[in-house]
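The lines below spell out each chain.
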Amino acid sequence: MSSNAKAIKKSVHNPIRIDPDTCVKCNLCDWICPGDLIYKEEDNRETLPVIAYPDECWYCGLCQSICPVDAITVIFPDQMINCQTDVKTLLGKVIK
Amino acid sequence: MAHKWKSLETDVLVIGGGVAGCMAAIPALEAGLSVTVCEKGKVLDHCGSVGCGVDHYLTIMESGPEWDTPEFLIKHLPKLTDGIVDMAVASRVIHEMPKVVRKIESFGVNFKDPRFNDYYRLRSFGLPGTYHINFDGTEFKKHIGQRVRKLKGSVLTRTMAVQILVEDGQAYGAIVFNFRTGEWAVVRAKAVVLAAGEVNRISLNASGMAFDSWHCPYNTGDSQAMAYKAGALLTNMEFVETTITPKGFSAQGLNALVSEGAHFINKSGERFMFKYDEKGENARRAVIADAVINEYLLDNGPVYADCRHLPEDILDHMEATLQIDRYTMPAFYEQKALNFREEPIEVSISELSIRRSGVYFRGSGLAVDTDGQTSIKGLFAAGDCASVSGGIAGAAVLGHVAGEGVASFVPKMNGSLPQIDMKTADAIRETAMKHMEVEEERSISWKSYEDEIRRTVNDYIGVRRNEPGLRHALQTLNALAKREPDLKADDLHGLMRVHESSSIRLNAELMATAALARDESRTGSSHYRLDHPESDETNWKKFVIVQKGSKGAETSTLSASEPLAAAFDRKSSAST
Ligand SMILES: Cc1cc2nc3c(=O)[nH]c(=O)nc-3n(C[C@H](O)[C@H](O)[C@H](O)COP(=O)(O)OP(=O)(O)OC[C@H]3O[C@@H](n4cnc5c(N)ncnc54)[C@H](O)[C@@H]3O)c2cc1C
Ligand code: SF4
Ligand code: SF4
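The listed protein sequences derive, respectively, from chains A and B.
In this note's numbering, each residue carries its 1-based index in the first sequence increased by 1028.
In this note's numbering, each residue carries its 1-based index in the second sequence increased by 117.
For the record, the hints were derived by calculation from the structure and aren't laboratory data.
Treat each hint with caution, since some may be false.
[As the list claims (entries may be wrong)] Straight-line distance between alpha carbons at most 27 Å, and here's what the computed DSSO-like set of lysine-lysine pairs gives:
#, chain 1, residue 1, chain 2, residue 2
1, B, Lys658, A, Lys1116
2, B, Lys658, B, Lys192
3, B, Lys346, A, Lys1116
4, B, Lys551, B, Lys668
5, A, Lys1053, A, Lys1068
6, B, Lys196, B, Lys396
7, A, Lys1068, B, Lys605
8, A, Lys1068, B, Lys564
9, B, Lys529, A, Lys1068
10, B, Lys269, B, Lys529
11, B, Lys346, B, Lys665
12, B, Lys192, B, Lys346
13, B, Lys269, B, Lys220
14, B, Lys123, B, Lys605
15, B, Lys346, A, Lys1121
16, B, Lys346, B, Lys564
17, A, Lys1053, B, Lys665
18, B, Lys392, A, Lys1121
19, B, Lys392, B, Lys121
20, B, Lys123, A, Lys1068
21, B, Lys121, A, Lys1053
22, A, Lys1116, B, Lys123
23, A, Lys1121, B, Lys384
24, B, Lys396, A, Lys1116
25, B, Lys346, B, Lys668
26, B, Lys599, B, Lys346
27, B, Lys220, A, Lys1116
28, A, Lys1068, B, Lys159
29, B, Lys216, A, Lys1121
Note that the structure is predicted; figures quoted are calculated from it, not measured.
Starting from the given sequences, assemble the full structure and let the hints guide the process.
Here you go:
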């Protein structure tokens, strides 16, 4: 990944917060995410799961619902919580 | 160096392990066939659209009253679908409903409401009876997935199907790859069931985030794309689906809102639904979406869903069950600091998808016959990728029908399966792997590629269409097709996304092509042609069928009084 791409990645909203102190490194969130977004090293009780593709999150909460110790919180970005889009812009343009 | 392929043999290959795929696998396994499910997810019990839960199931139960019989619902099909429905297939599905709901109960799904230890059945979406069971379906998919595993179905997890294999008009397997390990496999099968869901990520929504979508953003019309390339017939591709969602979060919940009695109001506080339909908020989803679109176009927005008039016990029930259909909905309201008991909820239309255009039993996708078989011999389809669909129940029932179809098809097959031509397989894999090595200067990211598709769909193929717009869209989409080899995958996960982007583009092209052919309007904003704003009941009681031709997508029509199978030109099918 170029450093530029890395910088962009950094600015992407992180959809889930994993509490490192609570997490028991069980891998369930990695196994369950329908988008293949969470990566957790198998058979390693030391490493934490990482959300590798944060901008591809569905905000479905499956990871949160499956986590045995409630270590995951889904956090909505401002674009969703304070959405200011004019709905009319979604309704098409008309070419004569 | 030649690639070392993994090579598998199975009686039945099911592509997509969601509701339809699992329900198709079950009867095939019960009949003693070997079944392999190819699925992008890792855990069958939770993969697909409803891994997190569901809250309503549409069914006939034959509980006594006339409305609860197959015949009564079938009589209403033409009205529910504006006359465009495959009566033969839809009737078979409706007849099978009571049997399938009981079978799912036997897997351990509890459809009863613990408050009364009985079914809590509600009316919504224009249906002529209280056909929806409202229930806590948190474990719905789990029980179905477990059943497949109990019957010893094998599952290829984290595996994406990229091409189905067809020779002499008959399907005999698929090429798949695992996007975690990078392993590629050829799977040889006597029958293939396509069940990879509808087409999402195809248009923009209010949040502007591609993966914030009402339906599963990881279902990208791969069944439709793969089958189209293999020569199968698709239908109803012109119809788009949208729903009403809380503004900013494209999520489920409309059914619960309207069936419990919420009102829609515009900026003046006017309850407007009765202007559009005598059923008011109980109209079909397509009609509700169309009404909200109209209110916005009339500058009557913002539009709100209003629950303030509802009695406390209903509000309590709504609040208690808010998370069932979309687990994160309570968190959204909480983070937004919105109390739906006391404030109206601002709503938007969702992004569009190609699914069933807000209408039950009129699916957009692969045309199937009454056994769930497509126009290609040995290739079956069910769920949100098929021409008859209807949420989890539609997927479960047609899936089960297709599974029974496969169980009767496979034993009658004679002759041996074709050998897989490994040279062709190598070529397919090499083309795919090239996406990982595209040079920087000519590379295009799948994200910006998809963004252009989504903008094009919104602007020219979406809820208001005309001929110049559709032609313009087709030009853009064709130009994007030429750039497909430049799509860059950063890693194996990206390679999966690149394949999804390709399916999304192709499905958008099929939608524009079919929309151009239907020069009338039907079902409100599902297919609204500004240049042909009226429905043409004399000339357009017809299906538009799309098929691959020598120069790209070609369309034809078939009277809707015929079953779609009348357009099939299958070689002497072993299943009949
Ligand atoms: C959150 C949510 C709640 C819903 N609630 C309800 C409800 O209460 N009642 C109702 O009737 N309907 C509900 N629906 C709709 C319902 O879920 C769908 O109509 C139904 O799941 C369709 O079944 P399907 O098998 O076609 O698709 P899915 O169940 O989505 O299964 C498709 C599967 O295909 C896999 N797949 C996709 N592409 C590929 C590929 N190329 N290779 C391999 N695998 C692939 C996917 O990973 C997925 O597992 C809900 C939908 C969502 C998203
Ligand atoms: S919310 Fe859903 S899509 Fe997002 S990381 Fe969790 S499981 Fe994956
Ligand atoms: S499911 Fe929870 S405990 Fe397990 S790895 Fe993920 S965050 Fe940690």
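The hints, checked one at a time:
no.: 1; hint: B:Lys658 with A:Lys1116; in the structure: 31 Å, violated
no.: 2; hint: B:Lys658 with B:Lys192; in the structure: 17 Å, holds
no.: 3; hint: B:Lys346 with A:Lys1116; in the structure: 36 Å, violated
no.: 4; hint: B:Lys551 with B:Lys668; in the structure: 25 Å, holds
no.: 5; hint: A:Lys1053 with A:Lys1068; in the structure: 8 Å, holds
no.: 6; hint: B:Lys196 with B:Lys396; in the structure: 14 Å, holds
no.: 7; hint: A:Lys1068 with B:Lys605; in the structure: 25 Å, holds
no.: 8; hint: A:Lys1068 with B:Lys564; in the structure: 24 Å, holds
no.: 9; hint: B:Lys529 with A:Lys1068; in the structure: 46 Å, violated
no.: 10; hint: B:Lys269 with B:Lys529; in the structure: 23 Å, holds
no.: 11; hint: B:Lys346 with B:Lys665; in the structure: 7 Å, holds
no.: 12; hint: B:Lys192 with B:Lys346; in the structure: 36 Å, violated
no.: 13; hint: B:Lys269 with B:Lys220; in the structure: 18 Å, holds
no.: 14; hint: B:Lys123 with B:Lys605; in the structure: 25 Å, holds
no.: 15; hint: B:Lys346 with A:Lys1121; in the structure: 31 Å, violated
no.: 16; hint: B:Lys346 with B:Lys564; in the structure: 23 Å, holds
no.: 17; hint: A:Lys1053 with B:Lys665; in the structure: 49 Å, violated
no.: 18; hint: B:Lys392 with A:Lys1121; in the structure: 25 Å, holds
no.: 19; hint: B:Lys392 with B:Lys121; in the structure: 64 Å, violated
no.: 20; hint: B:Lys123 with A:Lys1068; in the structure: 26 Å, holds
no.: 21; hint: B:Lys121 with A:Lys1053; in the structure: 34 Å, violated
no.: 22; hint: A:Lys1116 with B:Lys123; in the structure: 51 Å, violated
no.: 23; hint: A:Lys1121 with B:Lys384; in the structure: 24 Å, holds
no.: 24; hint: B:Lys396 with A:Lys1116; in the structure: 26 Å, holds
no.: 25; hint: B:Lys346 with B:Lys668; in the structure: 13 Å, holds
no.: 26; hint: B:Lys599 with B:Lys346; in the structure: 16 Å, holds
no.: 27; hint: B:Lys220 with A:Lys1116; in the structure: 45 Å, violated
no.: 28; hint: A:Lys1068 with B:Lys159; in the structure: 13 Å, holds
no.: 29; hint: B:Lys216 with A:Lys1121; in the structure: 47 Å, violated
Of the numbered hints listed earlier, those contradicted by the structure are 1, 3, 9, 12, 15, 17, 19, 21, 22, 27, 29.
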